[in-house]
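Let the hints inform the model, and build the full structure from the sequences given.
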Amino acid sequence: MLRPEDSTYSVPRFLSFIDLAYLLEAAQAADAHLAAKLPNGATQEDKDAIGNLNATRQSLLRAVFIASYSIVEQNLDELVAMERSKSDIQLSPSDLRDRGIKRSLTYATKVLGKSIDLNATYWKDLFLVQDLRNHLVHYGPDFADTKDHGDKFKKFANSGYVTLRPMICFTIPQIEHLFGLYMKCVDDFSK
1 MLRPEDSTYS VPRFLSFIDL AYLLEAAQAA DAHLAAKLPN GATQEDKDAI GNLNATRQSL
61 LRAVFIASYS IVEQNLDELV AMERSKSDIQ LSPSDLRDRG IKRSLTYATK VLGKSIDLNA
121 TYWKDLFLVQ DLRNHLVHYG PDFADTKDHG DKFKKFANSG YVTLRPMICF TIPQIEHLFG
181 LYMKCVDDFS K
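Here the sequence shown is numbered in this note's numbering, starting from 1 and rising by one per residue.
Everything labelled a hint here was simulated from the structure, so no lab data went into it. All clues given are correct.
List of simulated lysine-lysine pairs, DSS-like, C-alpha gap at most 25 Å:
no.	residue 1	residue 2
1	LYS110	LYS124
2	LYS147	LYS124
3	LYS154	LYS102
4	LYS37	LYS47
5	LYS102	LYS184
The following block contains the structure:
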């Protein structure tokens, strides 16, 4: 039997961006909890505890970032699928070469005929965030001593969505900023 404290809610996939609110609330609560545990830093033991707590915070915030990006990707996929189901279009999004958000955008503009200005700042920012997400997933939070990683480092460093210390780190205000970007993009896509 399900215990009342184990009850949970979910939303249909086309409303999955609502999960962003739950994710943000959880991140804020966890970050505040971990921040409250930070000692004053007077001793080496305190400094070690601070380093460990901050590493925990960053692991959590990077996971929140990756999960939030996936939520937006799923939402756009579902919006495209819903639009397709209203028509007689045989071509499916999976028939396209693109993947992820770019596939949804390509399908929406080229197959469904939606007018989306991909040169808008928020879409360009989302593509940067996609590169950041891909780097985190495939390489982790660090950067190798290569030209490609050096170029990415410079690109990410000039963004307000992430802090590089020199590894990829996030703050709660940056996560909130990302979520605002996601909502702008979902809103534009849904027009």
